[in-house]
Amino acid sequence: MSAERPRLSEQEKKNNHIASEQKRRMAIREGFDRLTEIVPGLEGQGRSESVVLRKSVDHMREVLQERQELIERIQALGGEIPPELQ
Amino acid sequence: MPSPPPPVGQPLLDSQQQMFFEQFFDEMPQDMVPSVNPAHIFEPDIPKDAALWPDSIPRAYQPVHSLATEAANTNGYYDSHVSPAPPMGGSHIDLNPFTNNHELMQSRNPQDSMSTAPGLLNFGTDTNFAPNGYHPPPLAISLDKDAEVRSKIYSALTRNESVITTAVNSPAEIKDEADDYNGEDSSPGAGEDHSVSSQAGSGTKRRAEDLDDYLMAKSARKSRPRTSETTSKPKKKSTQKRDNLTEAQKRENHIHSEQKRRNLIRQGFEELCALVPELKAGGYSKSAVLIHAANYLDGLKKGNARLRLYLQQLEAASQF
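For the record, the sequence lines run as chains U and L.
As numbered in the numbering used here, residues 116 to 201 make up the first sequence, in order.
As numbered in the numbering used here, residues 242 to 561 make up the second sequence, in order.
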């Protein structure tokens with residue numbers, strides 16, 4: 116450590132810890148907020164984390180199922196599936 | 242110089258020891274010999290009007306104030322601040338504060354008198370202290386009973402210190418304890434109180450009012466409806482037990498539901514990790530899982546929209 120960067124005091128360490136924990140929770144909340152924007156049925160309701168996760172998982176399975184059906188129908192019609200959508 | 246009073250009882254030192262001490266002081270260097278004049282030990286140079294006792298005490302023993310003394314009650318209560326003063330006769334001042342204590346110590350220890358309620362008792366209200374000395378009350382039994390009642394009161398006040406319990410004192414429990422105390426002393430305590438009040442028939446007004454307050458408080462507590470002691474005691478225990486159980490159950494339920502909640506959340510994260518290809522490796526932070534899952538879902542939906550559009554075009558083309 117250089118002289119112009121003195122050691123952090125206990126209070127500063129504590130404050131840093133609190134700040135980083137707040138940042139972590141903020142990032143998690145933003146992730147949940149993004150999912151609630153994407154997943155139908157979660158908009159504007161007081162959702163718990165577990166509800167968001169379960170509905171997101173269910174919705175993801177539906178979308179994957181839909182993807183599978185679309186691919187089969189396109190292939191049945193002789194269409195080509197782009198590799199990034201396989 | 243007056244000679245010291247002759248020692249009472251057995252001499253402390255036998256002749257040999259006495260000789261040894263005298264020899265010791267004779268051989269001592271002169272500047273080490275204590276300069277205290279032994280006469281002062283037995284007749285100190287203290288002015289007669291020195292404040293050895295609080296001002297009120299000697300006056301209480303003067304015949305001028307005997308009216309107040311006569312008017313006071315004979316309860317065996319003592320002033321809470323000082324040990325009893327020695328009898329005062331004319332200009333003679335007895336400097337020995339322990340002159341009369343041997344009589345007192347038999348009936349009451351000093352701590353007892355220290356803890357008497359200060360508002361209730363004042364100096365000079367005890368007729369046991371007459372101008373010619375202290376006279377124990379004629380009814381030794383009433384004194385004992387009084388002390389008994391008081392010790393009960395104190396034991397009730399300090400009960401919580403001796404009981405080891407982690408449970409919070411609920412108001413119901415405290416009420417129960419007070420009732421228990423009442424039940425124990427209701428018959429002897431009431432008798433004692435009435436005898437005291439009858440004795441205090443000629444008491445001063447202030448003292449009588451205090452006693453009335455005390456009795457009123459006592460009867461008010463007594464008038465509270467209460468079951469008999471034998472039924473109330475087990476009931477109290479059972480309620481306490483049930484309270485503890487519900488507390489424990491509440492805590493357990495709370496822990497259980499919190500575990501359930503966290504398990505659901507963890508399960509959701511795990512399923513997301515299993516569904517999202519980029520998260521299959523695992524070991525991502527919660528926020529990373531959520532962002533990747535959201536991005537992946539977003540991409541899936543956009544891809545599905547593209548595929549849907551493509552399918553519509555294919556279907557339209559296949560119709561022609």
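If you are wondering where the hints come from, they were derived from the structure by calculation, not from laboratory data.
Possibly wrong hints are sitting among the right ones.
Said to hold, decoys possible - Each computed EDC-like pair below joins lysine to aspartate or glutamate, with the alpha-carbon atoms no more than 16 Å apart:
hint	chain 1	residue 1	chain 2	residue 2
1	L	K542	U	E199
2	L	K542	U	E177
3	L	K527	L	E511
Small disclaimer: the values here were computed from a predicted structure and weren't measured.
Exercise. Compare the distance between the alpha carbons of K527/L and E511/L with 16 Å, and conclude whether the hinted pair is satisfied.
Key: holds (10 Å)
Quiz item: Given the proposed pairing of K542/L with E199/U, does the C-alpha separation stay at or below 16 Å?
Solution: holds (13 Å)
Self-check item: Pairwise hint evaluation, E177/U against K542/L, where the allowed Cα distance is 16 Å at most
Solution: holds (10 Å)
Of the numbered hints given earlier, the model fails none.
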